[in-house]
Amino acid sequence: DTGVSQDPRHKITKRGQNVTFRCDPISEHNRLYWYRQTLGQGPEFLTYFQNEAQLEKSRLLSDRFSAERPKGSFSTLEIQRTEQGDSAMYLCASSLVGGSGANVLTFGAGSRLTVL
Amino acid sequence: SQKIEQNSEALNIQEGKTATLTCNYTNYSPAYLQWYRQDPGRGPVFLLLIRENEKEKRKERLKVTFDTTLKQSLFHITASQPADSATYLCALYPQNDMRFGAGTRLTVKP
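Taken in sequence, the protein lines are chains A and B.
Count the first sequence with the numbering used here and you get residues 1 to 116, in order.
Count the second sequence with the numbering used here and you get residues 1001 to 1110, in order.
It cannot be assumed that every hint is accurate.
As the list claims (entries may be wrong) - Here are a few chain A residues that face chain B, going by a calculated C-beta distance under 7 Å:
{"#": "1", "residue": "Y48"}
{"#": "2", "residue": "E56"}
{"#": "3", "residue": "F74"}
{"#": "4", "residue": "N103"}
To be verified - Keeping only pairs whose Cα atoms sit at most 30 Å apart, straight-line, the calculated DSS-like set for lysine-lysine is:
{"#": "5", "chain 1": "B", "residue 1": "K1055", "chain 2": "B", "residue 2": "K1071"}
{"#": "6", "chain 1": "A", "residue 1": "K57", "chain 2": "B", "residue 2": "K1071"}
{"#": "7", "chain 1": "A", "residue 1": "K57", "chain 2": "B", "residue 2": "K1059"}
No lab work stands behind these hints: they were computed from the structure.
For glycine and all other residues, C-beta sits at the position ideal for the given N, C-alpha and C.
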């Protein structure tokens, strides 16, 4: 297993276009998170999945954002009608939650979005 | 409102000294607290975890303390090296998701 993979690493788009990011988590992990990070800030929680169920969404996640995790494997994050304020690094992380173990996140390298 | 505050945006120290980073939180009751390291252009990498019933945790040159009364964690890097230069994030796991502070950018000068 090579860790958490994100694609594409960089995306430049024009305002109003739709973009989609993909995340392939560590295969044994049952939880998948999406975060957004802007320069000088920590990761901001967007949403997370437990297997294929989306269990929580941040109020940061406007109706232009949608995330899916079909069959509890890879996940996609789509942003419709992009705005310049959407420019950020989008981070995906996965973890194995269960028993008495703590929830330790393994992050991907991120997908950097630039909206012109 | 819930907040996670890290003491400063940037910390500059000389090689060989001990770096001490602070994480304060309000309106959280976390079961545990974690510290992550983030290098430019990369995702955060997990370093250490400390549970609410633990006062101190060590791993090699790293030490973390957790005071649930003060709602504060301290992260120490002893005998710092230029390779320790990075942004360090503290994270809380209050319920089902992980919340992060803004991070402290550490620069260790040779």
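Review point. Any hints this thing doesn't respect? Which numbers, in order?
Key: Per hint list: 3, 7 violated.
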